[in-house]
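Assemble the whole structure, with the sequences as input and the hints as a guide.
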Amino acid sequence: MKESPSKSLIILAFISIYIVWGSTYLLNKIAVTELPPFYLASIRFIVAGILIFIIARILGHSLKITRKQFLNTLFLGFLFLSYGNGVAVWALKYVDSGFAALEVSAQPLVILIMMYVLQGKKIQPMSIVGVVLGVIGIYLLISQKEILAQENSIIGILMIFSVMLFWGYGSLFVRKADLPSNYFVNTGFQMFNAGIILAFMSLVFNEPWSLPNTWQTDTQWSMVLLIVFGSIIAFTSFNFLLKHVSPEKVATNTYVNPIVALFLGWLFLNEKITVQSIIAAIVLLAGVYFINTKKKLVLFERFKK
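If you read the sequence shown in our numbering, its first letter stands for residue 1, the second for the next number, and so on.
Hints listed in this document are in silico derivations from the structure and should not be mistaken for laboratory results. It is possible that some hints are incorrect.
As the list claims (entries may be wrong) - No farther apart than 27 Å at their CA atoms in a straight line, the calculated lysine-lysine pairs in the BS3-like style are these: (1) K249 <-> K121; (2) K249 <-> K122; (3) K176 <-> K64; (4) K145 <-> K272; (5) K249 <-> K176; (6) K272 <-> K93; (7) K68 <-> K176; (8) K121 <-> K176; (9) K249 <-> K7; (10) K93 <-> K145; (11) K122 <-> K176.
Below you can see the structure in the form of C-alpha cells.
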C-alpha cells in the first residue's frame with residue numbers, strides 16, 4: 001500500500017496552488033511592462049520545460065515518447081500555453097491583473113457551454129444555475145465604467161475571452177489524447193514545445209529581444225518566480241493534490257486565485273477594486289461553484305498522470 005502523504009505536505013501544496021497561481025497575474029503584469037508578451041512567455045516556458053526534463057531524469061523517468069504523443073503535446077502546448085498564456089500576458093497591457101483573473105475565473109462556464117455545443121452533453125440543473133450566475137457576473141464585471149474608460153480595454157477583454165475558448169477546447173481534447181503517462185514528462189514537453197512556438201510568434205511580431213542582465217530588477221525577479229514557482233512548483237503541487245485529495249477540493253483554487261490576484265494587484269500595483277467588481281466576483285464565483293459541483297473533472301483532466 002502507498003503511504004499517505006503528511007497533512008503538512010498537503011497544506012503546503014494547497015498554499016502553492018492558491019497563492020502562487022494567484023500571484024502569476026501580478027508577476028506577468030510587472031514583467032510585461034518591460035518585456036514583450038510572447039518573448040516573456042517563451043523564455044518562461046523554455047527554461048521551465050528544460051528544468052522539468054532535468055527533474056524527470058533525476059527521478060528516473062524516461063523522456064522517450066511516441067510521435068503521436070509528441071504531436072499531441074505540441075498541440076496542447078499551443079492551446080494552453082503558447083496562445084493561452086501568451087495572449088493572456090499580452091492582454092495585461094490593456095487590463096488590470098485582478099480584472100483578468102476574475103474574467104478567467106469564468107473558464108468553467110466556457111467549458112460547460114463548449115461541452116454542450118461540441119459534444120451534446122446535457123447541462124445539469126445545478127450547472128444551469130451556474131451558467132445564469134456566470135453570465136450575470138461577467139456582465140457586471142465588463143460593464144463597469146472604470147474598465148470601459150481604460151484605453152483599449154475592450155481589446156484586452158476580447159483577448160482574454162479568446163484565451164478561454166482555446167483553453168476550453170484543449171480541456172476537451174485532452175480527455176481523448178494519447179499523452180505521455182508521466183505528468184512530469186507530459187508537462188515538460190507541453191511547456192518546452194509551447195516555448196519554442198512562442199519564440200517563433202515573437203519573431204513574427206518583430207518583438208525586441210534582450211538579455212536578462214539588461215532587464216530591470218523587478219522583471220528579473222518576476223521571471224525567476226514565474227519559472228520556479230508558477231511553472232514548476234505549482235504544477236507539481238497540483239498533480240500531487242489530484243493524486244491524494246478529492247478533485248472538488250483541488251478545484252477550490254478556481255475561487256481563491258482571483259481573490260489573491262485582486263489583492264496583490266491592489267497592494268503592489270495600486271489597481272482599484274470597485275464595489276461592482278466585488279459584487280461581480282461574488283456572483284461569478286458562485287456560478288463557478290455551481291458548475292464545478294457537476295463538471296469539475298473536465299478542468300483538471302490534463303494534469304493527471
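Status of each hint after checking the structure:
Note on K249 and K121: the hinted pairing holds, with a Cα-Cα distance of about 24 Å set against a maximum of 27 Å. With a CA separation close to 24 Å, the supplied pair K249 and K122 stays within the 27 Å bound. Between K176 and K64, the direct Cα distance comes to roughly 20 Å. Compliance with the 27 Å bound is thereby established for this hinted pair. The suggested pairing of K145 with K272 holds, with an alpha-carbon distance near 13 Å, which does not exceed 27 Å.
In summary, the hint linking K249 to K176 is supported, as the alpha carbons are separated by about 24 Å, within the 27 Å threshold. Between K272 and K93 the alpha-carbon distance is near 16 Å, which keeps this suggested pair within the 27 Å criterion. A distance of roughly 12 Å separates the Cα atoms of K68 and K176; the hinted pair therefore holds under the 27 Å criterion. A C-alpha spacing of about 16 Å is found between K121 and K176, which places the hinted pair at or below 27 Å, so the restraint holds.
At most 27 Å may separate the alpha-carbon atoms for a hinted pair to count; K249 and K7 meet this at roughly 14 Å. A threshold of 27 Å between alpha carbons decides the hint, and for K93 with K145 the separation of about 18 Å falls inside it, so the pair holds. The suggested pairing of K122 with K176 holds, with an alpha-carbon distance near 19 Å, which does not exceed 27 Å.
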